[in-house]
Amino acid sequence: MIRSTRRSRRTVQVAGVGAAALLALTACSSSGSTDSSAESDPSSSASQRLSGEVTVFAAASLKESFTTLGEEFEKQHPGTKVTFSFGGSDSLAASITGGAPADVFAAASPKTMAIVSDAGDTSAAPETFVRNQLEIATLPGNPDKISSLKDLTKSGLKVVLCDESVPCGAAAQKALDAAGVELTPVSYEQDVKSALTKVELKEADAALVYKTDVRAAGGKVEGVDFPESADAVNDYPIALLKDAPNKAAGQTFIELVRSAQGRQVLTGAGFLEP
Amino acid sequence: MTVRPAETLRGGPRRGRVRRRGRAVPLPLLVPALAGLAFLLLPLIALLLRTPWSTLPEQLTSPGVWQALRLSLVCATAATGLSLLIGVPLAWLLARTDFPGRGLVRALVTLPLVLPPVVGGVALLLALGRNGVVGQWLDAWFGITLPFTTAGVVIAETFVAMPFLVISVEGTLRAADPRFEEAATTLGASRFTAFRRVTLPLIAPGVAAGAVLAWARALGEFGATITFAGNFPGRTQTMPLAVYLALQNDPAAAIALSLVLLAVSIAVLAGLRDRWMTAS
Numbered sequence: 001m002i003r004s005t006r007r008s009r010r011t012v013q014v015a016g017v018g019a020a021a022l023l024a025l026t027a028c029s030s031s032g033s034t035d036s037s038a039e040s041d042p043s044s045s046a047s048q049r050l051s052g053e054v055t056v057f058a059a060a061s062l063k064e065s066f067t068t069l070g071e072e073f074e075k076q077h078p079g080t081k082v083t084f085s086f087g088g089s090d091s092l093a094a095s096i097t098g099g100a101p102a103d104v105f106a107a108a109s110p111k112t113m114a115i116v117s118d119a120g121d122t123s124a125a126p127e128t129f130v131r132n133q134l135e136i137a138t139l140p141g142n143p144d145k146i147s148s149l150k151d152l153t154k155s156g157l158k159v160v161l162c163d164e165s166v167p168c169g170a171a172a173q174k175a176l177d178a179a180g181v182e183l184t185p186v187s188y189e190q191d192v193k194s195a196l197t198k199v200e201l202k203e204a205d206a207a208l209v210y211k212t213d214v215r216a217a218g219g220k221v222e223g224v225d226f227p228e229s230a231d232a233v234n235d236y237p238i239a240l241l242k243d244a245p246n247k248a249a250g251q252t253f254i255e256l257v258r259s260a261q262g263r264q265v266l267t268g269a270g271f272l273e274p
Numbered sequence: 001m002t003v004r005p006a007e008t009l010r011g012g013p014r015r016g017r018v019r020r021r022g023r024a025v026p027l028p029l030l031v032p033a034l035a036g037l038a039f040l041l042l043p044l045i046a047l048l049l050r051t052p053w054s055t056l057p058e059q060l061t062s063p064g065v066w067q068a069l070r071l072s073l074v075c076a077t078a079a080t081g082l083s084l085l086i087g088v089p090l091a092w093l094l095a096r097t098d099f100p101g102r103g104l105v106r107a108l109v110t111l112p113l114v115l116p117p118v119v120g121g122v123a124l125l126l127a128l129g130r131n132g133v134v135g136q137w138l139d140a141w142f143g144i145t146l147p148f149t150t151a152g153v154v155i156a157e158t159f160v161a162m163p164f165l166v167i168s169v170e171g172t173l174r175a176a177d178p179r180f181e182e183a184a185t186t187l188g189a190s191r192f193t194a195f196r197r198v199t200l201p202l203i204a205p206g207v208a209a210g211a212v213l214a215w216a217r218a219l220g221e222f223g224a225t226i227t228f229a230g231n232f233p234g235r236t237q238t239m240p241l242a243v244y245l246a247l248q249n250d251p252a253a254a255i256a257l258s259l260v261l262l263a264v265s266i267a268v269l270a271g272l273r274d275r276w277m278t279a280s
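As they're listed, the protein sequences go chains A and B.
Using full-length UniProt numbering, the first residue of the first sequence is number 1, and each one after it goes up by one.
Using full-length UniProt numbering, the first residue of the second sequence is number 1, and each one after it goes up by one.
Excised from the complex, chain A in its bound form:
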């Protein structure tokens, strides 16, 4: 089965180069565009040529917004199918350098993207498309009256952080350093979602997670902003991959993510504009 998809991918690649060239032209000349970035026009003839599967490897924190964008992409380009693999940026990067057949990689930090670009696996320089800021997630109603990072050191308070080896943990440490706060958590979690889960299940009183995760959790946690989060903003880079089996569609997906429409979905989920 793998072999047959590879064969068809090759033909798609050949057709894709032409489609990409056409797309670039129509994107530049599209008059309806309100911002400077390239926007894909659903009515252009070039987009009709897109077909097949687009495989997008994306950081777990992008799950909600990218799923929405994937559905939008399939609507704009009938005949295409967007397949996502959401996970920790590090493990996704490892799969890509290990040869996983992906078209697009969207990472939660420049460091994890560098693993892929340093290996020469990106087809162009990665570009930052959104940024994510930390927030304190507390129990609903904020019963412990947490209003700053300093409040997290109150005795008896159970706080979880991400492990420093993952992007949210590195950001959390940066913010704590900036605030001059020394914090001993009850646990260093392996990713941002499991840190949040501990608060959602009320096992921990607070966690340092991304704003987008607090937003995605709905009313199960409450977000508290803190000024030092400005010192620990994470950039999210996106790149087309060198061995992408469906380059044209991959490029068009990146354009959708970076379009005004894409930006609207992402900021709606709590991301900051780059």
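Treat the hints as calculated values from the structure; they're not laboratory data.
Treat the hints with caution; some may be incorrect.
What the hints assert, rightly or not - The calculated lysine to any residue pairs, modelled on SDA-like cross-linking and capped at a C-alpha distance of 25 Å, are:
1) A:Lys220 <-> B:Pro233
2) A:Lys202 <-> B:Gly223
3) A:Lys75 <-> A:Lys202
4) A:Lys111 <-> B:Leu247
5) A:Lys174 <-> A:Ser194
6) A:Lys174 <-> B:Pro233
7) A:Lys63 <-> B:Val122
8) A:Lys202 <-> B:Val133
9) A:Lys220 <-> B:Ala140
Chain B: place on chain A using the hints.
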């Protein structure tokens, strides 16, 4: 009269028999058997090949490694002890008594064997967490909270490892002849005395084999531990957790840690196997 633990648990038939049959192994069996062996050994060989031997001493002398290894050994041993304490009686109940729904109970006891450990961790959180079904009372009445504590690690490991002990002991009990116990009770011993003085010595090899399996499983436990007990160096960070987190940004360290865990597992399994698991 010999006690026969389940074949898989005592490592197959006796050596003498294997040797006698070894001369006449048919090719259609030998080839896939060797492929199976290679399949199981290849990842271990790869680990050895990729080990950064030159930097290994400094990787292994870091205090974090010993802290994690010590915690792993202590928690796995405690989990095995707890499993023996409540698992052997449970196995006896399943093997020697008859009650309605016993088949269902047996199935439920073995559930953690097939349950993804992370699911087990979530279930433990919902049961014994600070806000859990039972956990909230533990917290309110005794001030005990299990998540994020070393006790939590032991609980998580016991949940995953105890079924190995239970099925091993239950199998041994089923194979053991109950007439000895009956004889003891007819001679005036209480059922508990008969269990303690007759049954237990009879099934000792099966119990030991089950305990070794449970210990090894507890040592390697990852999913339930990180979900239920979290990850804090020295308190809840066992070796598998340390390996996983090291893999995120320092693969060489992860390989070194894996090697330690591998060596400890092999040493214990090999050492105990000869002493206990093949004895009858």
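So, going through the hints one by one against the coordinates:
1. As the CA atoms of lysine 220 (chain A) and proline 233 (chain B) are separated by approximately 29 Å, the hinted pair breaks the 25 Å bound.
2. A hinted pair counts as satisfied when its Cα atoms are at most 25 Å apart, and lysine 202 (chain A) with glycine 223 (chain B) qualifies at roughly 20 Å.
3. At most 25 Å may separate the alpha-carbon atoms for a hinted pair to count; lysine 75 (chain A) and lysine 202 (chain A) exceed this at roughly 40 Å.
4. Restraint check: the Cα-Cα separation between lysine 111 (chain A) and leucine 247 (chain B) comes to about 15 Å, which is no more than 25 Å; the hinted pair holds.
5. As the CA atoms of lysine 174 (chain A) and serine 194 (chain A) are separated by approximately 20 Å, the hinted pair is consistent with the 25 Å bound.
6. For the given pair, lysine 174 (chain A) sits about 20 Å from proline 233 (chain B) by alpha-carbon distance, which is consistent with the 25 Å threshold.
7. As the CA atoms of lysine 63 (chain A) and valine 122 (chain B) are separated by approximately 22 Å, the hinted pair is consistent with the 25 Å bound.
8. Taken as a hint, the lysine 202 (chain A) and valine 133 (chain B) pair is honoured in the structure, with Cα atoms around 12 Å apart against an allowance of 25 Å.
9. Between lysine 220 (chain A) and alanine 140 (chain B) the CA atoms are separated by roughly 23 Å; this keeps the pair inside 25 Å, and the hint holds.
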